[in-house]
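Peer 1: The whole structure should be built from the sequences, with the hints applied where relevant.
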Amino acid sequence: MSPRERARIVVLLAPATLFLGVFFLGPLVIIAVYSLLTPGLYGGVEWTFYHWNFGRIFGWADGIMEVFQPVYLRILLRSLSFGLLTVLVCLTLCYPVAFWIARLPQRWRMLFLFLITLPFFASLIVRLYAWLLILKPSGPLGMAFTALGMEPPELLYSPAAVILGMVYIFIPFMFLPLFAAVDNLDRALVEASADLGATPFQTFRKIIVPQTLPGIAGGSVIVFIPAVGNFIVPDILGGANGLMIGNLVEQQFLSSRNWPFGSALAMVIMGVVLVVLVTFTSRAAKAGAVR
Amino acid sequence: MRLSLGLFSLLFFAFLYAPLVVIIVYSFNSNPVNMLVWDGFTLDWYKGLFGIGERYLDPNQRVIYLESTPQLIAALKNSLTVAAVTTSFSTVVGTATALAVARSRFRGRGFCGGAMFLPMMMPDIVLGIGLLVFFSTIGMQLSLVTIIIGQCTFLTSYVFIVVQARLAGLDPRLEEASADLGASEWVTFRKVTLPQLAPGILGGGLLAFIISMDDLVITYFISGAGSQTLPIFVFSMVRRGVKPEISAIATLIILASVIVAATGLWLRARGERR
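Sequence lines, in order, name chains A and B.
The first sequence begins at 0 in numbering that gives the first Met the number 0 and counts up by one.
The second sequence begins at 0 in numbering that gives the first Met the number 0 and counts up by one.
FYI, nobody ran anything at the bench for these hints, they're computed from the structure.
Ideal placement from N, C-alpha and C gives every residue a C-beta, glycine not left out.
Treat the hints loosely; a few may be bogus.
Said to hold, decoys possible - EDC-like cross-link-like pairs, simulated, lysine to aspartate or glutamate; straight-line CA separation at most 20 Å:
(1) B:242 to B:38
(2) A:135 to B:38
(3) B:242 to A:234
(4) B:190 to B:175
(5) A:205 to A:182
(6) A:205 to A:185
As the list claims (entries may be wrong) - Covered, in the sense of this in silico footprint (three residues per stretch, anywhere, with C-beta under 8 Å from a C-beta of chain B), are these stretches of chain A:
(7) 25 to 37
(8) 124 to 135
(9) 231 to 245
Peer 2: See below:
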């Protein structure tokens, strides 16, 4: 490599490296450190190690003053299950539509892909506000039930509302990778499978699902990651039963002012995300190596 | 089979668009008592938004006009300022990084490419509180500056990904030919690489602008008292309860973002056809 080329690479990479090194890595290192420190009496921290930040979540109590209660663990598990449910619902909704759009003539395909990405650009808070209106007991959904002579279900401020809201805002994330995979599906294989006497269900399970697996996995990962740490959706649409770990983090920072505990909770979210990402990329690399 | 797929897709698109239609319809509802019961058509909420309507606050009529038009204007101005600065910064830095990673061979190249994805994949709340703790540790007052710095971290990553994808699709032989014909590196970049890359840079910049205008979670943690952006303003209104004015603001936001997004996608489609 010539010195000139080396200089060019340094000049091109320096701004991002410096900026992200300070303002992206810096914050992550600081909360990693904070999650191990003792909370001060009036906010702030004392520089001694404190096990109770993580202990309170996972049950590392000293057995004298501290009593472990699984309430935080329960909220963590709930967040994981909400994330998983959001992924499953998104997948169920997007999969058939991806097949339908993949079979359309080119012009129409472009139009419908555009229509799927468009709501993504209409502000997040606006889209959640829309569901707040719809789910209100006096709102359109409630009125529809009343008109049919039924008792309107209590949807707002429930776990179902949180999952519905997350599905609605994350649908484009699931759809685009899924569509790419469905679009690349080898039709000849599907036809061959049917010709050889496989039932539609067998063809689906043995041919279609394995062939589109990269899209399913990719879409699931990029829906699950923002869903599991979400706090805006449960804040607007969820009640006490819809509280997620993101809400806990927000509370620790903006109302309880227990920054070390909030940092520990954030580290847990980051841990979950890293596990998912590493599993996904290593599996994807392995699958790529096999092919 | 085909028919049921079509029917399902129809419902799917209804699910996507019904909420937006609901907001737009309710924003014209004149019912001042229950904003969810249709009463008649009105533009009052829009007028109230811009402070040009008659401002009567009659408790019996329960007409609550937005008291905070100046705040709304200030929030919009803040959002535009932040978006303009972050878009410029992240477009330049993201493009430079993409050029280095896609066009040069050096050790740690794969690592650089992978690391640039991290700010985008990091959950918003983790980055948001991380930045909050970071700024308070180094003693920086929360202001528009902290919002700009905070947003640039992940916007740079978005621009990088878009521009890098475009670079990967370019034919490197054109650049080689230009070099063989005696053009200097700079001339090759200006006359060969940049014109081909322009749609990617434009697309990345536009994406950064849209995401910056809409960013809620990270901005929420690092905006100070006087530095509310538009999404934060709407969020705090929604938290205080539903009001017809929110529907009016929401309708305007939908309209603006649809116009920007449609222009962007149209430009991209045109670029691809050429």
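Peer 1: Of the hints stated earlier, which fail here?
Peer 2: none
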